[in-house]
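Protein chains in written order, with the working numbering: chain A, 28 to 316; chain B, 56 to 498; chain C, 24 to 357.
It should be emphasised that the hints constitute simulated quantities derived from the structure, not laboratory data.
Subject to a maximum C-alpha distance of 20 Å in a straight line, what follows is the list of computed DMTMM-like cross-link-like pairs (lysine to aspartate or glutamate): (1) B:LYS408 with B:ASP208; (2) B:LYS315 with A:GLU159; (3) B:LYS315 with A:ASP149; (4) B:LYS317 with B:ASP284; (5) C:LYS228 with A:GLU248; (6) B:LYS448 with B:ASP362; (7) B:LYS317 with A:GLU159; (8) B:LYS408 with B:GLU391; (9) B:LYS315 with A:GLU167; (10) B:LYS448 with B:GLU338.
Distance ranges between label pairs, derived from CB positions: (11) B:GLN161 with C:LEU161: 31 to 39 Å; (12) A:ALA296 with C:PHE160: 39 to 47 Å; (13) B:ASP481 with C:PHE160: 55 to 63 Å; (14) C:VAL83 with B:SER398: 44 to 52 Å.
Calculated from the model, a selection of chain A residues having no Cβ within reach of chain B, i.e. all distances over 12 Å: (15) THR190; (16) ARG191; (17) ALA194; (18) ARG197.
Backbone N, C-alpha and C define an ideal beta-carbon position, used for all residues, glycine too.
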Amino acid sequence: MSGRQFVLLTLNGISFGALLFLLSSGFTLIFGLMRIVNLAHGSFYLLGGYVGLTLMQNGQSFWVAMIGGALAIAVLGFVVERGLLLRVRGRTMPEVLLTVGLSLIFADLALARWGGDPILLDRPSQFASTVELGGVTYPEFRLLVLALGILLAALMWILQSRTRIGAIIRAGVDDREMVSALGINVNAVFTGVFVFGALLAGMTGVIGGVFLSLYPGADGEILNFALVVVILGGLGDLRGAIVGSLLVGLIDSFGRSLTPSLSYFLLFAPMALILIFRPRGLFGRATVN
Amino acid sequence: MNAYAPRLRKLHVAAALALVLVLAACSAPGGDEEEGGGDEGPITVGVIVPTTGVVAAAGTDMLNGWNLYWEINGDEVAGRTIETIHEDNAGDPTTTLTKARKLVEQDQASVIVGTLLANTALALAEYLDPLDDVIGLNPAGSADDLSQRGVVDNYVRAGGWQSSSPAHVAGNWAYEQGYREVITLCQDYAFGHENCGGFTNSFTDRGGEIVQQLWAPLGTPDYSSYLSDIDPASADAAFVLTVGADSGRFVKQWEDFGLKNKLPLIGGETTLEQSLLRAMGDEAVGLQSFGHYAEGREDSATQEFVDEYVEAYDQLPSYYSASTYTAAQWFAETLEAEDGDMSDVSAFLEALKGVQLDNSPFGPMQLDEYGGTIATMYLREVAEDEDGRLYNKVVEEYPETSQFWNYDPQAFLDQPVYTREYLGEDWPESCDQFATDCPLEGE
Amino acid sequence: MATQMLFFGLFALSINLIAGYGGMVTLGQAGVLGIAGYGLGIFYTTYSLPLGVSALLAIVSTIVVAAFFGLLLVRASGVYFLMITLAQGMVVWGMAQRLTTLTGGDNGLRGIARPPFAVEYWSYYYFCLGVVALCVFLIARIVRSPFGLSLKGVREAETRMAPLGYDVKRIKLIAFTISGMFAGIAGLLLAMYNNFFSPPSVYVKASAEGLLMSILGGVGTITGAFVGSGVFVFVTNYVSGYLERWPTLLGLIFVLTILFTPDGVVGAWQRLVWAPLLRRFGAADEAELIEVGVGGGGLLSDRARKISKSEMSSTGASTSSEPSEPVEKTRARS
Chain A
28 MSGRQFVLLT LNGISFGALL FLLSSGFTLI FGLMRIVNLA HGSFYLLGGY VGLTLMQNGQ
88 SFWVAMIGGA LAIAVLGFVV ERGLLLRVRG RTMPEVLLTV GLSLIFADLA LARWGGDPIL
148 LDRPSQFAST VELGGVTYPE FRLLVLALGI LLAALMWILQ SRTRIGAIIR AGVDDREMVS
208 ALGINVNAVF TGVFVFGALL AGMTGVIGGV FLSLYPGADG EILNFALVVV ILGGLGDLRG
268 AIVGSLLVGL IDSFGRSLTP SLSYFLLFAP MALILIFRPR GLFGRATVN
Chain B
56 MNAYAPRLRK LHVAAALALV LVLAACSAPG GDEEEGGGDE GPITVGVIVP TTGVVAAAGT
116 DMLNGWNLYW EINGDEVAGR TIETIHEDNA GDPTTTLTKA RKLVEQDQAS VIVGTLLANT
176 ALALAEYLDP LDDVIGLNPA GSADDLSQRG VVDNYVRAGG WQSSSPAHVA GNWAYEQGYR
236 EVITLCQDYA FGHENCGGFT NSFTDRGGEI VQQLWAPLGT PDYSSYLSDI DPASADAAFV
296 LTVGADSGRF VKQWEDFGLK NKLPLIGGET TLEQSLLRAM GDEAVGLQSF GHYAEGREDS
356 ATQEFVDEYV EAYDQLPSYY SASTYTAAQW FAETLEAEDG DMSDVSAFLE ALKGVQLDNS
416 PFGPMQLDEY GGTIATMYLR EVAEDEDGRL YNKVVEEYPE TSQFWNYDPQ AFLDQPVYTR
476 EYLGEDWPES CDQFATDCPL EGE
Chain C
24 MATQMLFFGL FALSINLIAG YGGMVTLGQA GVLGIAGYGL GIFYTTYSLP LGVSALLAIV
84 STIVVAAFFG LLLVRASGVY FLMITLAQGM VVWGMAQRLT TLTGGDNGLR GIARPPFAVE
144 YWSYYYFCLG VVALCVFLIA RIVRSPFGLS LKGVREAETR MAPLGYDVKR IKLIAFTISG
204 MFAGIAGLLL AMYNNFFSPP SVYVKASAEG LLMSILGGVG TITGAFVGSG VFVFVTNYVS
264 GYLERWPTLL GLIFVLTILF TPDGVVGAWQ RLVWAPLLRR FGAADEAELI EVGVGGGGLL
324 SDRARKISKS EMSSTGASTS SEPSEPVEKT RARS
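Bound-form chain A, shown alone (with noise of 0.2 Å):
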């Protein structure tokens, strides 16, 4: 393998872990502090993208695009965790079915209001040509996008780490009785939470609608990669997320190039060795159900 080869896989592995952490790290803390497996996550990324679309294509930029689609979803989370979700509070296999229920709705009516046609959001006209990078031609878009993911990180930390709300969260994660019982409303972190996580799938789908395409398939496809992100690194763990996006984005591009029929496997090998052995994931909590 060449230099130029090496530094433009690792630079597509970190950008898509980048794309991937800006998915996950909503799931993960969902699954945290809520113990939800949301398996519709990859429909609000869906979703969020389409929305996007549609603002594009009534002249709006990226940007707002890539707003609209956040707020979208967040408001589109907010009705599903308060109109659903809330009624099977504390159930969670119910929790994780419904979500799968409604994955389906929203997948049929995505079908239906935008068709099957894949397509490919226009990039931001700041983002729109390549830098030299490593002696490798790249886009810029995709440094943007890894930027984003390390501005995420950073915020998200910062916010788990120094404010009040990221303790009780940390604290919520941990024990959840105790956070109620010291008079804390649990009901509108839990929302918050999940509203959230749902902004951040909604705002990665505009992204990822110019990063991969936006098409029937697409939510299953990135809940597949988000699913592997979190077990390697734990459910409900921000460095879980973190170093688990990356690992699954360095594996991806290393695997798709090297051997191209085993790529699949060396998503799902990994995965599966963790689960078998630390099924807390590297990062994860000791107490799990």
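Model the placement of chains B and C on the given structure of chain A, informed by the hints.
Just chains B and C, lined up with the frame of chain A:
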């Protein structure tokens, strides 16, 4: 516990059993003596295409194409009304079979049109095989073997094609362009194998060399890892076959990574297909590909079809749209020739296979003795029309291309179907295996 | 269509066995089904073994694989169990797709025949009916056996079973293997029904659909599996001809079931129709068993019944919804 309970339970069980039997009766197959289409009354046609699922866009195009034909020409042929029932198979083989059964047994369909993905087409073929009163039209399921090593008599490529056909032409053309070393990149499944196989086979016959063989799994999010592998200095051109969403990503990245201006690209049928061009931009303009359809073909048959399609659906028609439109045309012509009589199914099949269509959107089309399509292949180039829409214009035509290219059919069939392991690099070995135009230089 | 309801029902029942009776929800059952389906296809078409022998070998392979998967699963539960089964199913799918020379890849395996006495539509239906009826009978026996009861015990209170002398891991392993065998039989019936087998039948979507059928009908009941498959097959094959948005309908039915009657159609039937009927005819104690949810209650609804509805809606998760969790957590920590 009360004495009544066991009795109630028995009642419960009996009711369940009764329900089972009633259900069975309800979904029973319909009338036993079915004379196929008969010779009078409406003809029921079942169209099985994926209108949900990953290939929903293509499936919808297929449905549109079929419907458009009857809208323009009226749904009556030789005194018989064509009644279409559409069923969605969601791209799944089991669903395809269920829908096919339902259409044939309950709706009394005497004609089935469909389907798209190879595994669904093969499943449908399997189902149709033993039925002697149903005719299947296969305009889009391009799996080579359906007209080669796994022919099903009553599943006809009416308006259809074989995956490797345009690729054979491409390989030969590449050599004629002066390319001697080519990189191939195809999707890693049957359709991709058949495409890369076709190209590799004919290209290597002339003496060309495939210097790099890349395989991308379907659904590759990021072609940059493959593109990083491609060094423009190492080859004269690249033959690339991508499908669906992958095409959009690939073409964009081809430009992004600077390869568009450094390495000539030879695309396969679905790499730069209209259904995908709709969502592409400048990155696609100027790129060439080989296919059996070109929406820019300047023949009235194609242009009229395109104009009508645009008027009805506000988009340019893809090959999926053209395939079912042509199937309808094919069927209508046969029905007309047979005076609307479908009661002798085998005679009708003969007539169907004997059709020589001159004015389809694809150009002239007919079938060979194996049921494979003999049609024109096109070298196409992406251009922009006055409305800003991207389309494929014709650069060159290769009429009467057989599914066997220039090979002797029997010799070709003796070889296995194209797979990842067999791409025809070392075959043929002698001129005996060619039917015409042997390019091998005294071996 | 009815034939499909039968073998999909068997598939859902196999899921029921571990999810409903055992409390282990799986998203990888289609992978297990796939081993049998592909096994049959490979032994029969590639190796040209007689149909009966191929079927037998296929089932044996399935049992072996299911046991292997089960071994990997014994220490897991809940969401982690779910994830591992998901991974397992997807590995099988990945192999089905990639090992083209063996499995035909995306094109699948053609030419899988039916038993010579069951080739016609009707005869095949009766064949399936017979096979499925036999399986149901066996499963019913298993469920009512001491093993079945210990399985339910594992579902209800896993941590309490070990001190009582039950080898929880072994119970789970056996349950998973048995369930795999029945999923395999369903796979054989599916392969012979289509005369064909290909990767989509093994994809996670198929596993999810099986789970959907299981829950729709009533996880934890035997009849539930068939009710669920009945509804599912009906919507997918019949309704889809009339309603383009049928997946939305299916999703809606599923969501509504989870929200309002988590023990499925059969559970609702038992509570709303059967129990009052039993009372009416004087079998009060049996009716009470249903209402309290000890009988075929299942994973989803037990806790619901332990809490009154008013408690659920007012304070959300904080107070009463997980009475046993803090207790179990303490145990886990110590």
